[in-house]
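With these hints in hand, go ahead and build the complete structure from the sequences.
Protein chains in written order, with this note's numbering: chain A, 1 to 176; chain B, 1 to 426.
Be a bit skeptical, because a hint or two may be false.
Derived DSS-like pairs (lysine-lysine); straight-line CA-CA distance at most 25 angstroms [as the list claims (entries may be wrong)]:
{"id": "1", "chain 1": "B", "residue 1": "K90", "chain 2": "B", "residue 2": "K342"}
{"id": "2", "chain 1": "B", "residue 1": "K90", "chain 2": "B", "residue 2": "K241"}
{"id": "3", "chain 1": "A", "residue 1": "K33", "chain 2": "A", "residue 2": "K160"}
{"id": "4", "chain 1": "A", "residue 1": "K37", "chain 2": "B", "residue 2": "K241"}
{"id": "5", "chain 1": "A", "residue 1": "K33", "chain 2": "B", "residue 2": "K72"}
{"id": "6", "chain 1": "B", "residue 1": "K342", "chain 2": "A", "residue 2": "K33"}
{"id": "7", "chain 1": "B", "residue 1": "K324", "chain 2": "B", "residue 2": "K342"}
{"id": "8", "chain 1": "B", "residue 1": "K241", "chain 2": "B", "residue 2": "K342"}
{"id": "9", "chain 1": "B", "residue 1": "K90", "chain 2": "B", "residue 2": "K78"}
{"id": "10", "chain 1": "B", "residue 1": "K3", "chain 2": "B", "residue 2": "K241"}
{"id": "11", "chain 1": "B", "residue 1": "K90", "chain 2": "B", "residue 2": "K324"}
{"id": "12", "chain 1": "A", "residue 1": "K33", "chain 2": "B", "residue 2": "K49"}
{"id": "13", "chain 1": "B", "residue 1": "K49", "chain 2": "B", "residue 2": "K90"}
{"id": "14", "chain 1": "B", "residue 1": "K155", "chain 2": "A", "residue 2": "K33"}
{"id": "15", "chain 1": "B", "residue 1": "K155", "chain 2": "A", "residue 2": "K160"}
{"id": "16", "chain 1": "B", "residue 1": "K342", "chain 2": "B", "residue 2": "K69"}
{"id": "17", "chain 1": "A", "residue 1": "K37", "chain 2": "B", "residue 2": "K69"}
{"id": "18", "chain 1": "B", "residue 1": "K49", "chain 2": "B", "residue 2": "K3"}
{"id": "19", "chain 1": "B", "residue 1": "K78", "chain 2": "A", "residue 2": "K37"}
Here chain A is said to cover these stretches of chain B; the calculated rule only asks that three of the stretch's residues, wherever they fall, bring their Cβ under 8 angstroms from a Cβ of chain A [as the list claims (entries may be wrong)]:
{"id": "20", "stretch": "135-144"}
{"id": "21", "stretch": "171-180"}
{"id": "22", "stretch": "228-240"}
{"id": "23", "stretch": "411-424"}
Under 7 angstroms between C-beta atoms, here's a sample of chain B residues computed to sit facing chain A [said to hold, decoys possible]:
{"id": "24", "residue": "V150"}
{"id": "25", "residue": "T190"}
{"id": "26", "residue": "T222"}
{"id": "27", "residue": "R256"}
{"id": "28", "residue": "H258"}
No wet-lab data here; the hints were simulated from the structure.
Yeah, the Cβ is synthetic: ideal placement off N, Cα and C, and Gly gets one too.
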Amino acid sequence: MERTFGGTALFLDRSDINTDEIIPARYLTEVTKDALKPYLLEDLLLDGFDPQGPALQQASVIVTRRNFGCGSSREHAPWALEVNGIHTVIAESYARIFRQNMFNCGMLAIELPAADLERLFALQTAGEVQVSVDLAAQRVVACAGDQKFECGFEISPFDKALVQAGGWVEFADQRY
Amino acid sequence: MGKTIAEKIFAAHLRDEPFPGTYVLDLDRVLCHEITTPVAIADLVWRNKDRVFDPTRIKAVIDHVTPAKDSKTAIQGKILREWARRHDIKDFFDVGRNGVCHALFPEQGFIRPGFTVIMGDSHTCTHGAFGAFAAGVGTTDLEVGILKGVCAFRKPASILVNLQGTLPEGVYSKDVILHLIGILGVNGATDRVIEFRGPVVDAMSMDARMTLTNMAIEAGGTCGICLPDQTTVEYLWPFIKDDYANQAAALEDFRRWHSDADAVYERVLDLDVSNLEPQVTYDYKPDCVKPVGELAGTRIDQVYIGTCTNGRLEDLRQAAEILKGRTIAPTVRGILSPATPKIFREALEEGLIAIFMDAGFCVTNPTCGACLGMSCGVLAPGESCAATSNRNFQGRMGQGGMVHLMSPATAAACAVTGVITDPRTL
Ligand code: SF4
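Here is the structure:
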């Protein structure tokens, strides 16, 4: 299974967004991923962001700053993204467990250098940003209005293999 | 070139290197609780792979919400309980025997120097206090761990933290780790192991060391680790006495994990703690830390003593020392959750529970409860809590609540006065 990655981007302009903000602990009593759908980012306090608003509903990509997904190890965080159709996050850096959870689920946690990320954020002024990701070529293309941004990204061969395999369970099952 | 303790453990457990820089390790322990494991179990069942790699190396506990508070948490417990039975996982801890995972599993002697340990819980780094490589993981890593007994890691560089001097009166390992997180920042140790050394660590009990390693993740660290020594041997002795002729032999064996003198560290931090003051957090990130004096007088509605950070016997003793002969402020709700039944019983026998109750505390059963805002002390919007836990995130103990992290002694002092208070002034 190889997913396609990309779509409308939602910009969360803050560092250190933690997994309690992505999915609060009160929903950890759910035992299915689908049940998490309405609660994504419910506790995130950020100017201009509305967890019930259309911007989140339309988003397929999250673009954010440093250390995204810090705190609790809960894989409910990537699941809450997944069941909302968000399979790609682009950030300057991640917390280790969250980053691994994304790849383990066959989703993409793309790291961009600060300067590239800044250009991507700047694109918002031109209108709604559409992102497309070419995993094989390791390139991100983003368009808004008549403006375009393009850059390469680094991903470890292991993480790339996980995404291409559809996740860690599939990969490990074939190999161990 | 010499190796760090983490590198030695990696070398001894390496199963595979599927790509350069990726290390698949054999696991000695896969630890499970009822919040993150049920989805892994459901997925294994769905994949027709409902198996476990080794039931003796898997340990499981219901600890986050226990006894169950509603149907949903009852179902989570049931899934874990039935799975443990089905696979003959003997070390499964249910109501009456259960306690907070990172206090209970070490207390049972499950963690040894040189071990590799994973759990679907970020504070798994706690177990590094025994000289183990212990890392929190998500549910998929846990699932593969349960099925195959392996987990993949990038080789972590190490940050050496040398704790020099002596801890002043009224200042504890919690203050040290809060201060350190303030220095490193919440991502200062991401993808790194924090190795704690120096005379201050040498003088610490296992309880105090676990407080230190517990919060490595709050600086982003993969694991916090201490070198095993005589204190480690003595703690583990009841569990290892049949394996070694005497304690000296055990110590000798444990020493093989010690970092080499010429091991390479990415960063070395020398910290003299002799003038350290009690530390308290003031915002929604654990690196927002100040000396207690700068926050003195801030109103507190609830005081919470417990959790995998500071719910151990030594912590209860430190708080009881402040509470003895005093009552808590009428505006404060005091909640004590001893971390395990053993700790609860010892605290009873020592008279500590009586001190807490005389002071006006409510004593709950061992559970995570209020720490993650699921039961036993959830905050109302606008309320604040002085807590001995490890996370002060927005909403952590209840939507709109504020959590101030601190040591048990400082939390007890806050209970007495109803405002943030330096325990050394009481
Ligand atoms: S006590 Fe709190 S931090 Fe520790 S395992 Fe339980 S919920 Fe997590």
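Original post:
Does V150(B) meet its interface restraint, that is, does its C-beta lie within less than 7 angstroms of any C-beta in chain A?
Top reply: For V150(B), the interface hint holds, since the closest Cβ of chain A sits about 6 angstroms away, which is under 7 angstroms.
Original post:
Straight-line Cα separation of K90(B) and K324(B) no greater than 25 angstroms?
Top reply: violated (40 angstroms)
Subject >> Agreement of K155(B) and K160(A) with the hint, judged by alpha carbon distance not exceeding 25 angstroms >> reply: holds (17 angstroms)
Subject >> Proposed proximity, K342(B) with K90(B) (alpha carbon, max 25 angstroms) >> reply: holds (19 angstroms)
Subject >> Hint consistency between K241(B) and K342(B) [alpha-carbon to alpha-carbon, up to 25 angstroms] >> reply: holds (21 angstroms)
**OP:** Answer holds if the nearest beta-carbon of chain A is closer than 7 angstroms to that of R256(B); otherwise answer violated.
**Re:** violated (27 angstroms)
Subject >> Coverage of the stretch 135-144 of chain B by chain A (three or more Cβ within 8 angstroms) >> reply: holds (count 8)
Original post:
Within 25 angstroms, alpha carbon to alpha carbon, are K342(B) and K69(B)?
Top reply: Answer holds: K342(B) to K69(B) is near 23 angstroms, not above 25 angstroms.
Original post:
Is K33(A) close enough to K160(A), meaning Cα to Cα at most 25 angstroms?
Top reply: The hint holds at about 24 angstroms.
Original post:
If you draw a straight line from the CA of K90(B) to the CA of K241(B), is it 25 angstroms or shorter?
Top reply: holds (22 angstroms)
Subject >> Distance restraint between K37(A) and K69(B), which requires alpha-carbon spacing of 25 angstroms or less >> reply: holds (23 angstroms)
Original post:
Regarding the pair K33(A) and K72(B), is the alpha-carbon distance no greater than 25 angstroms?
Top reply: Answer holds: K33(A) to K72(B) is near 14 angstroms, not above 25 angstroms.
Violated hints, listed in ascending order, are 4, 6, 10, 11, 14, 18, 21, 22, 23, 27, 28; each of the other numbered hints is respected by the structure.
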